[in-house]
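Chains as they are written, first to last, in the numbering used here: chain A, 202 to 467; chain B, 12 to 444.
Just so you know, these hints were derived from the structure itself, not from any lab. Relax, there's no trap hidden among the hints.
Pairs of lysine to aspartate or glutamate, DMTMM-like flavour, derived with a Cα cap of 20 Å:
1. A:359 with B:301
2. A:359 with B:272
3. A:369 with B:316
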Amino acid sequence: MTHLFFILTVALYGCATAAYLACLLRTSPLLTRWAGRILAVGFTAHLLSTIHLASKMKYLPLTNMQESLSFFSLAVVGGFIFFERRYKVATLGSFIIPVALLMLIASSSLHAEVRLLPPLLQSNWFWFHALLAFASYACFTIAAGVAVMYLIQRYFLKKKHFGALFQKLPSLETMDDISYRCLTVGFPLLTVAIISGSIWSEQAMGSYWVWDHKQTWSLVIWLIYAALLHGRLTIGWRGKRAAVLSIIGFIVVLFTFLVMEHSIIW
Amino acid sequence: MNIIVVGLSHKTATVEIREKVAFSPNQIEKPLGELIKLEGIIEGVIVSTCNRVEIYATTRDIAGGIARIKRFMAEYHHLPFETLESHLYCYHAETAIRHVFRVASSLDSMIVGEPQILGQIKTSYGYAAEFKSSGIILNRFLHKAFSVAKRVRTETKIASSAVSVAFAAVELAKKILGDLSDKTVMLIGAGEMCELAAKHFLNSGAKGVMVTNRTFERAERLAEEFGGEAVRFESLFEHLYRADIVLSSTGAPHCIIGPKDVEEAIKRRRSKPIFFIDIAVPRDIDPKVDNVENAYLFTVDHLQEIVQANLAQRGLEAEKAEEIIDQEIGQFHKWLSTLEVTPTIVALRTRFDEIRRAELDKTIAGWKELPPDAEKRLEALTVAMMNKLLHSPTFVLKQAGQGGRVDLYVDALRQLFGLEALQRDDEELELEE
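All chains should be modelled from the sequences, with the hints used to inform the complete structure.
Written as structure tokens, this is what we have:
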């Protein structure tokens with residue numbers, strides 16, 4: 202059952218990706234609308250598959266790379282749907298949805314070994330921490346997607362290329378706005394995630410902060426986004442600088458997520 | 012007599028080249044004087060706008076005239092002849108007439124249908140008339156061009172497309188600034204295009220306008236018209252940071268806004284972007300401003316690219332306009348061929364009439380007692396004689412006008428009867444304004 206939903210999700214995300222990429226090439230409100238619908242159905246399937254898995258396993262599917270990637274993807278798509286509704290920027294889908302699809306495919310290619318939940322994870326603080334962390338990651342992913350779009354649009358404006366893609370991309374101000382909104386949502390989430398994580402660490406290990414790779418890199422991520430937000434609020438870091446930093450932040454997030462294993466869990 | 016046109020425009024030269032070849036209106040007397048001193052050039056008009064620099068002239072020697080004007084343009088602006096020549100186009104006879112009609116009608120404009128060009132040609136012609144570099148042919152020619160432009164304007168919808176560049180500017184601004192409803196426009200200098208663009212920004216919801224001008228009164232007047240705020244030119248940089256959109260078209264000979272000024276303004280507005288449109292030639296805003304982060308500088312050249320896409324739908328109106336121009340060329344061409352005939356005939360008649368009247372007056376004055384209605388009869392008699400005498404020469408001259416060997420007759424008559432009136436008949440052709 203979970204598997205069926207999963208396959209369905211991959212297929213639907215695939216279709217949505219194709220539709221969103223086609224939107225870049227051809228202007229068609231109908232195509233855009235269908236891309237959104239397919240994605241919404243895909244997201245529902247993804248959500249159901251996740252819930253189904255969770256109810257079967259009796260815990261949130263966040264305990265290994267396969268589950269985490271899928272959950273990451275789910276959070277990104279959910280975040281995208283939220284921002285798309287709000288800002289009406291379908292073009293964002295062309296940049297974000299392929300990433301979500303890739304994550305999902307990577308997730309499905311990983312081998313899922315059946316195992317017992319490590320006792321360390323049997324803490325409500327852990328679930329709280331992990332949920333918030335993924336929500337913040339989703340925000341940062343979208344911020345990075347918007348930053349890439351911003352840099353492309355900025356390039357077009359500086360080089361005076363007024364092609365089809367230029368027409369399709371939203372205004373710099375809108376992208377700046379979305380990126381800022383992502384930060385203002387993502388950063389507090391990350392902060393609370395780190396705090397709840399350290400509480401869990403205290404419960405599980407007896408120490409709030411153990412300076413393992415994961416924690417150290419989480420702190421680096423936190424500092425990057427803190428700098429970005431601070432720069433923005435005090436001296437008005439916008440535009441290219443903010444976009445580049447936001448992309449760097451995302452790269453560090455990905456690196457931390459994919460490479461740095463949690464010393465506590467594994 | 013032939014009309015020739017030598018020039019360059021946005022279609023053949025970039026703004027960098029056009030800047031170098033532009034003639035400043037403040038010192039237009041000098042080039043106009045030099046132009047008509049060129050060998051074989053009889054009349055001359057210089058049109059210099061931000062999008063084109065053109066010289067209209069009359070000459071008997073087409074090839075020589077064109078070559079000398081080309082060389083004159085290069086030498087006057089101290090440019091290597093070869094560099095300049097590759098950007099120049101030249102027309103003569105009917106193609107020249109068509110070209111000028113199209114330019115005046117704004118069919119050749121960067122923004123087809125923009126209203127400014129007609130005024131610019133009128134001003135250029137005004138200078139030429141003032142400094143007596145234009146004569147009978149160019150006078151008539153340009154007046155014809157003005158009336159053609161008027162016809163095109165009233166009979167086609169081409170003018171409504173002028174809006175397109177302003178529209179393009181607004182669209183471009185939206186690509187940078189997003190929603191315009193909380194944005195402020197700053198207008199530097201005056202100019203129809205600028206004002207048109209400002210109006211468009213306001214219609215698209217821009218919050219307010221600041222107007223600045225070297226003459227503060229002018230700024231105040233414009234500001235009042237827009238319901239905006241007048242800013243003294245000297246304090247331009249104190250207010251620059253408040254502007255989201257800057258439209259500039261002053262007649263300044265060099266840049267008035269540099270990258271340093273913009274950097275400062277952007278810093279002061281905490282990196283919020285500023286959208287600059289430079290309509291002036293020579294440019295008002297240093298091209299380096301575009302390198303400043305969060306500053307986006309566009310010239311009319313750039314706007315045109317966007318406009319081009321919208322042009323297709325206006326094709327029909329342009330076709331209609333071309334048709335009008337075709338008709339008018341036919342008429343003007345006919346006039347041009349009889350050009351030297353008509354004034355000669357007029358002059359001849361005037362000469363005859365002067366003699367007749369002088370002799371008649373003398374005779375009547377010498378008469379002591381005049382029978383009733385003698386004066387009337389004498390008048391009728393002399394007029395009839397004059398008309399009979401002139402009938403044949405007039406007819407022959409008109410025929411010659413259609414045929415083309417008119418110079419011979421005109422020269423002969425001028426010498427035989429001492430007709431000087433041929434030189435200028437500016438009276439009938441005064442500025443229309």
